[in-house]
Amino acid sequence: MTITAGIDLGTSSTKAVLVNERREILGKSIRRTGSNLELAAEKTYQQALAQAGITAGDVDYVASTGFGRSTVPFRDIQMTDLTAHGQGARVLFPGTRSVMDIGAQSTRAMRIEPTGQVKLLRMNDKCAAGAGTFLVRVAKYLELTVEDIGALALKSTQPQMISSVCAVLAESEIINHVTAGKQLEDILKGAMLSIASRAQALLKRIGLEQEVTLTGGIGLNAGMLQALEESMKQKINYHAELGAYTGALGAAILAQVRLRRLRGGADVERTSALAAAA
Amino acid sequence: MTMYAAGVDAGSTQTKGIIFDDQMRIVGRGLVDTGANTTKASERAFQAAVRGAGIDPGDVKYTVGTGYGRYKITFGDTQITEITCHAKGAHFIFPKTRTVVDIGGQDTKGIRVGQDGEVADFVMNDKCAAGTGRFLGVAAQVLELSLDDLGPISLKAQRPVDISSTCTVFAETEILSYLAQKKKLEDILMGMHKAIAARTVSLLQRVGMNEELTFTGGVSRNAGMVVALQEAFEMPLNVSEESQYIGAIGAAIFALERAAVAA
Amino acid sequence: MATIDEIVQRCQDQVGDLAFGYVRDWKKRNPQGKVMGYFPVYFPAEIAHAGGILPVAILGGGNRIKLKQADAHMYSFMCSICKSTVELGLSGRLAFLDLFVGSPICDAARHMPNLMQRNVPGLTIDLLYYPGNLRTELAIPYLHREFNRIRQLLESVAGHAIDDEVIRRSVCLYNESRRLVREIYAIRRDSPWLILASECYLLVRAGTFMPVEEHIDLLREVLAQIPDRHARPIDKIRVVYEGAFCEQPPVEFIQALEEVCYVVDDDFLLGSRLIREDVPEDGDPLLNLACSYRDRSHCSSVQHDLRRLKSDDLLAKCRSAEAQAVILSPAKFCEPGLDDQVHHLKRFDREGIPSLQMEFQERMKDFDGVRTQTETFAEAIQFYAN
Amino acid sequence: MSEQTAAQVAVNGAQPSAMRAKAKTLVKNAFGEAWKAKEAGRKICYCFVLGPAELLRCFDMYLIYPEISSAQMAAKKTSLPYIQKAEDYGYSADTCSYVTADVGLYLSGNQHPLGHVPPPDLVINDTLCNTYYKWTEVIHDFWKCPVFSIDHPVRLKRDEKYPYDIEETYQQDKQYVVKQLLELIAECEKLTGIKFDPERFRKNLEFGNQMSALWCEIIDKTRNAPTPFDAVLDGYGYIAGMNTHKGTAEGVAYLEAVKTELDQRIVKGTGAVAEERFRLLWMSAPCYPYFRKIPEMFHQRGATFVYTPQFMQGTRGTYRSKMYDLERPLESYAESMLDYFHGRNPRQAPQWSMGWWGGKDDIRNHLDLMRRFNADGIVFHAIKSCRLNSGGFADLREHLSREGVPILMLESDIADPRFFSEAQVKNRIEAFMEGLEERKYYRARAAV
Ligand SMILES: Nc1ncnc2c1ncn2[C@@H]1O[C@H](COP(=O)(O)OP(=O)(O)O)[C@@H](O)[C@H]1O
Ligand SMILES: Nc1ncnc2c1ncn2[C@@H]1O[C@H](COP(=O)(O)OP(=O)(O)O)[C@@H](O)[C@H]1O
Ligand code: SF4
Ligand code: SF4
Ligand code: SF4
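Chains A, B, C and D are the protein sequences, given in the same order. Going by the working numbering, 198 is the number at position 198 of the first sequence; the sequence numbering is gapless. Going by the working numbering, 66 is the number at position 66 of the second sequence; the sequence numbering is gapless. Going by the working numbering, 116 is the number at position 116 of the third sequence; the sequence numbering is gapless. Going by the working numbering, 379 is the number at position 379 of the fourth sequence; the sequence numbering is gapless.
Hints should not be assumed to be uniformly reliable.
Derived lysine-lysine pairs resembling DSS-like cross-links, with alpha carbons at most 30 Å apart [stated by the list, open to error]: (1) Lys66(C) - Lys127(B); (2) Lys426(D) - Lys40(B); (3) Lys190(D) - Lys76(D); (4) Lys96(B) - Lys360(D); (5) Lys85(D) - Lys126(A); (6) Lys72(B) - Lys182(A); (7) Lys85(D) - Lys346(C); (8) Lys184(B) - Lys140(A); (9) Lys140(A) - Lys183(B); (10) Lys72(B) - Lys440(D); (11) Lys43(D) - Lys190(D); (12) Lys36(D) - Lys195(D); (13) Lys182(B) - Lys140(A); (14) Lys126(A) - Lys184(B); (15) Lys184(B) - Lys365(C); (16) Lys204(A) - Lys426(D); (17) Lys179(D) - Lys203(D); (18) Lys127(B) - Lys68(C); (19) Lys360(D) - Lys61(B); (20) Lys119(A) - Lys317(C); (21) Lys204(A) - Lys127(B); (22) Lys77(D) - Lys332(C); (23) Lys440(D) - Lys96(B); (24) Lys24(D) - Lys43(D); (25) Lys96(B) - Lys426(D); (26) Lys76(D) - Lys204(A); (27) Lys183(B) - Lys66(C); (28) Lys126(A) - Lys365(C); (29) Lys360(D) - Lys66(C); (30) Lys40(B) - Lys182(A); (31) Lys77(D) - Lys233(A); (32) Lys195(D) - Lys179(D); (33) Lys346(C) - Lys440(D); (34) Lys22(D) - Lys77(D); (35) Lys140(A) - Lys43(A); (36) Lys182(B) - Lys126(A).
Below, a sample of chain A positions facing chain B; criterion: calculated Cβ distance under 7 Å [claimed, not checked]: (37) Lys126; (38) Val165; (39) Val168.
It should be emphasised that the hints constitute simulated quantities derived from the structure, not laboratory data. Built from N, CA and C at the ideal position, the CB exists for glycine as well.
Using the sequences plus the hints, can you model the full thing?
Encoded structure:
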């Protein structure tokens, strides 16, 4: 059995996934990233190994991804989150052609080939208005937890639209909605629709192709998923169980691909430059 | 009998009221938070100004409303844009002003002013909180300081930090990480002020800023910001005691003129 | 003797010097010497050189210049190089120029010299108008006359006649420097680890402000040392870069690309390398230059010549450099570059060669996005290509 | 139907010009007949509005103007899907949206809101704008048709003396253009099988001259107070009607009708707005997606437009100071292309003022325009797409505001509706009009 690991070191959470050559998931884990990146990677990895009932020695190849990918000390290769999410999305939903990755601090849209290869991409890394952090702040402001807001928003009947395109200025609008006595669920739904419209704009720029898969932790928020589907008027794939692990999963599977090539000998020459550098 | 005229500037964050007498003297001021109800806030600001002037609301012959919420000022006689009013007000206080930098609660404006105080051009950023008073508000909250403290503390800075995120939200994260790194409070604060100043300069470049500059709006009350802007512009700035009222002052001057025409 | 690293570092310092210290020094060393500035893409530097005038390419202000005045004079959607060039003028940094020549190669570059003329007192300005229609034979006699007019212009700056014989000698020197640059490029194509694209860029860029004789010495010094460089190949994809024929990306941008791939050919500073073969060294030199511009040149987005497709040229470049992919990266707001990019994109799609589209700006300072995109692109090839 | 009613709705109580509506019919016909022409065996030639229409008509070619085609899409509020198609294809949103709208048209099977446009048998561009070259290359890429460029050199008007003989340069440039025209004639003969008939050319130029004379009279009518037509709202309609029929009897008839209408309006005192309080100059093309909206924001405050340099730039050859000399048709044709761009002109006619090659004359020309049309201010419409027309505005504003000219800078786009922000435009217009009112107030007070 060939076992590979994918470690996705994100700005808000770190994910680890272990797979075998038949793409079966042997173990997975997720935890908050915090300020010590190496530690987060190590701990998350150990947790996943424990779940799989194996040790690091049993793992043949480790691929890291996410914003902290180059700080994972035990990696064999690293790749961008885009490459990993593209592959992960396609494994979870083989029909995927467009991927929407909403992380804590960034929003990315990609068009992918049937193989998972990234064909076109657009990113928005500089503005919080379309990213997960916005919701975290709104939740905090309304004295709710991120885990609660999704279910709550599903109850909304009259979403309170937010006109501001800025996450910070949107907060003032939210304050006004609260003072005006609007329902919490309607306010939340409004905030989610605002993120959804951002995401949609980004997807448009890559020339949307069906099917669309959402990846990243934000999909755990059922309200957000619904907001996206409503504003785009179409079905959007999200894997409830593995969606948050998409990046780690993709990395683990690409690690399998890489290893097969390395072992097959055909590609030995082309060991990734990055692996060589590491 | 003395004639009075009023200007009310309903800003996104704070609402200001000013009463002028017919000698062009400021006789009353009012400053309240705008909150959710602009109409009420402008009434309160007006009332406060009237009380300060020691007159009766009925003595005010003409009222001009301005600011982002000007159309919600129901008791006023007419509305004029805040851009025109800021130019007018700045010209009144500093007649040689050719450029006005107005940093308010949620927007930043650059106004090019003509010889008579008329608007020659303007640029405005009202879409993104970065570079506006709101940025400072958010920072004050994170650092658990009051707005009044920011300026004085930041002036003590020796080695300002570099805030690389332009986005207010991400800058907040950066501030937290600087705190975690035990950076000095004043250095963090000055770093933020500099970040705002840099954004302001790039906005102002579009209207040009070769001649006398006046800094207005609530943020001009922050001495740290004044210093940071002067450094970024590489030139001195006019700042008046009344700087947060400049829009209302401009509106009051228009009100006085119109009252004179009506009379 | 200076090492390659030291030479490259020196070039980088000179390139980053917004005060044009090198040129000012040259003027001190040559009190009688005149300096002319020209805006890209191309200028027949030979004619200026023959008149004893130092030709200096004015290539904007890079990512260090602060635009303090130019923004107020220029419309927001103008490319960075035009804006920062005007800023150089407005801030007095071009005061050392005895002449500035622009070319209406695009709509932005059409305005720029006029803006300079109106706002930079004391700067003498003129235009060199390249024929818009290179397909017709009429282009050659036209350009011949145009170069003659430029000669008259330069003579008025030099204060003396510039005759054919002297120009022929300058042509020989420039031929030599072009040959040396081609040699360095050839080495890079064969062994890209020996000399990097960013290093190449700086070495060529040095030739845009120093006298050709000095540049020849510099190139020879570098060439002599390349074989002894300690560098080993690593496994990176090989790409060709296209889009910087006019505005130049920051060196850090090129370096960001190079972290991820080998840039084995490019169109950086295309103007200095526009003529791809030797210009004939005898006969009417101006006519030779005119013919070379039309018939012995690389394509650029602002030369219009449908006898040959630009994508054919680029494709040939990729094939001869054995590149696996192409990075199409025009400057933001550069209309000619942006339009050509699509043409290339479609062509490369048809040929099954992967391409990455991404804009740059000379004033950019943050390269994270560039790196992420390039990395993802390279990974798509490394993980998926057969 | 809806456009008819829209055209008839009075703005602020004013009576709209009937000839503006007529222009729409003319343009529509110009497109509608294209396929018929193609089927009848005529060659389709894409040429830009300043292209050599009078010459091409000698070969019975059917002319299609890509710019007018894109402008029409925008004016009919249909340009966005076309533009987005082009962007999906790879074109950038930062390039000329006339081009992207046109690309979108090709990608949509040439289905234009005004009818099905046939592909070109020939494309001709000139040097008014460098984007034309790129546009031509794009068209070539799509249709693989022959391409012809008429290159007329651009010469800077130097504030200093020329160290070479500029007159000689001009003569050489002229010969260069004439020779290209001869090449074009040969190419057209080959393509159409029709022999060039100098008589016919002369005849077309004569129509051209008649149109010039009429047009000059028309644009001077805005010097009346109140102006009988609005330079933007009506003026651009007239331009479209005229440009699609350059060098033809229909063109002459149309301009005659325009003139008659305007004369009647003047007699009756009918203005473009009910009460004319301010007269403004409009610089550069309109924002076609909001063609009516922007001028109407001004009209609501009693301001109307009395001139736009596009009256001249957009109508090459159609101006009095440069009538074609029928004795030497080709040469004078070349001159009409060249003169606008040539620094040798001692002082271009002020009407041309666009501000990208004239040095200090650009400033003087704008001031002349202010006087000539008795204007109160200038509106610079900076078009995101168009560097050619917008590139010099900021600088002109710098200089003109020093001269005390009230100036408003508006930003939007010629065909891309996404670059129009109603709130922002409104805000600006409001502040500008407040300034004009204030000026008026002070002037009145000073006069007392
Ligand atoms: N259980 C949850 N329920 C709802 N939303 C969640 C949950 N967990 C995470 N999120 C959202 O997902 C975002 C983080 O997503 P993630 O993909 O882990 O980001 P990154 O990879 O950048 O760290 C958070 O900002 C938050 O909004
Ligand atoms: N004493 C102070 N020190 C620093 N900043 C202040 C002070 N008072 C007000 N401000 C800032 O000024 C802003 C309000 O400015 P103002 O010009 O009134 O804005 P607006 O007109 O947009 O409401 C507040 O958001 C705050 O950030
Ligand atoms: S718009 Fe708001 S969320 Fe976006 S960058 Fe600006 S401050 Fe941040
Ligand atoms: S970079 Fe492009 S747009 Fe700018 S001057 Fe050069 S060719 Fe023109
Ligand atoms: S750039 Fe301007 S002049 Fe040129 S084609 Fe586009 S709109 Fe017309």
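Hint check results:
With a CA separation close to 24 Å, the supplied pair Lys66(C) and Lys127(B) stays within the 30 Å bound. Between Lys426(D) and Lys40(B), the direct Cα distance comes to roughly 26 Å. Compliance with the 30 Å bound is thereby established for this hinted pair. About 38 Å separates the Cα atoms of Lys190(D) and Lys76(D), which puts this hinted pair outside 30 Å; it is violated. Restraint check for Lys96(B) and Lys360(D): the C-alpha separation of about 27 Å stays at or below 30 Å, so the hint holds.
Pair hint Lys85(D) plus Lys126(A) holds up; C-alpha atoms about 27 Å apart against a cutoff of 30 Å. Only pairs whose Cα atoms come within 30 Å are accepted, and Lys72(B) paired with Lys182(A) is accepted, the gap being roughly 21 Å. Of the supplied pair hints, the one linking Lys85(D) and Lys346(C) holds, its CA atoms being roughly 15 Å apart against a limit of 30 Å. With a C-alpha separation of about 27 Å, the suggested pair Lys184(B) and Lys140(A) falls inside the 30 Å cut-off, and the hint holds.
Taking the CA atoms of Lys140(A) and Lys183(B), the gap is about 26 Å. The hint holds against a cut of 30 Å. About 28 Å separates the Cα atoms of Lys72(B) and Lys440(D), which keeps this hinted pair within 30 Å; it holds. A threshold of 30 Å between alpha carbons decides the hint, and for Lys43(D) with Lys190(D) the separation of about 12 Å falls inside it, so the pair holds. Restraint check for Lys36(D) and Lys195(D): satisfied, since their Cα atoms lie roughly 23 Å apart, inside the 30 Å limit.
Proximity of Lys182(B) to Lys140(A) is assessed by CA-CA distance (about 25 Å); at most 30 Å being required, the pair is judged to hold. Distance check on the hinted pair: Lys126(A) and Lys184(B) sit about 26 Å apart at the alpha-carbon level, within 30 Å; holds. Of the pairs offered as hints, the one joining Lys184(B) and Lys365(C) holds, with about 27 Å between alpha carbons and a cut-off of 30 Å not exceeded. For the given pair, Lys204(A) sits about 29 Å from Lys426(D) by alpha-carbon distance, which is consistent with the 30 Å threshold.
In summary, the hint linking Lys179(D) to Lys203(D) is supported, as the alpha carbons are separated by about 21 Å, within the 30 Å threshold. At roughly 23 Å between alpha-carbon atoms, Lys127(B) and Lys68(C) fall within 30 Å of each other, so this suggested pair holds. A distance of roughly 49 Å separates the Cα atoms of Lys360(D) and Lys61(B); the hinted pair therefore is violated under the 30 Å criterion. Of the pairs offered as hints, the one joining Lys119(A) and Lys317(C) holds, with about 23 Å between alpha carbons and a cut-off of 30 Å not exceeded.
Only pairs whose Cα atoms come within 30 Å are accepted, and Lys204(A) paired with Lys127(B) is accepted, the gap being roughly 21 Å. Restraint check: the Cα-Cα separation between Lys77(D) and Lys332(C) comes to about 28 Å, which is no more than 30 Å; the hinted pair holds. Between Lys440(D) and Lys96(B) the CA atoms are separated by roughly 21 Å; this keeps the pair inside 30 Å, and the hint holds. Only pairs whose Cα atoms come within 30 Å are accepted, and Lys24(D) paired with Lys43(D) is accepted, the gap being roughly 24 Å.
The straight-line distance between the Cα atoms of Lys96(B) and Lys426(D) is roughly 28 Å, inside the 30 Å bound, and the hint therefore holds. Only pairs whose Cα atoms come within 30 Å are accepted, and Lys76(D) paired with Lys204(A) is accepted, the gap being roughly 23 Å. The straight-line distance between the Cα atoms of Lys183(B) and Lys66(C) is roughly 28 Å, inside the 30 Å bound, and the hint therefore holds. For the suggested pair Lys126(A) and Lys365(C), the alpha carbons sit about 14 Å apart, so the restraint of at most 30 Å is met.
Distance hint between Lys360(D) and Lys66(C) is fulfilled; the C-alpha atoms sit about 27 Å from each other, no more than 30 Å. Distance restraint check for Lys40(B) and Lys182(A): the Cα-Cα separation of roughly 19 Å lies within the 30 Å cut-off, and the hinted pair is therefore satisfied. With a CA separation close to 24 Å, the supplied pair Lys77(D) and Lys233(A) stays within the 30 Å bound. Taking the CA atoms of Lys195(D) and Lys179(D), the gap is near 18 Å; set against the 30 Å cutoff, the hint holds.
Of the pairs offered as hints, the one joining Lys346(C) and Lys440(D) is violated, with about 58 Å between alpha carbons and a cut-off of 30 Å exceeded. With a C-alpha separation of about 19 Å, the suggested pair Lys22(D) and Lys77(D) falls inside the 30 Å cut-off, and the hint holds. Under the criterion of a C-alpha separation no larger than 30 Å, the hint pairing Lys140(A) with Lys43(A) is consistent with the structure, at around 27 Å. Simply put, Lys182(B) and Lys126(A) have alpha-carbon atoms about 25 Å apart, close enough for the 30 Å limit, and the pair holds.
Evaluation of the Lys126(A) hint against chain B yields a held restraint, the C-beta minimum of about 6 Å falling below 7 Å. With its C-beta approaching chain B no nearer than about 6 Å, Val165(A) sits inside the 7 Å limit, and its interface hint holds. The interface hint given for Val168(A) is met, as the beta carbon of that residue sits about 4 Å from the closest beta carbon of chain B, less than 7 Å.
The earlier numbered hints that this structure contradicts are 3, 19, 33.
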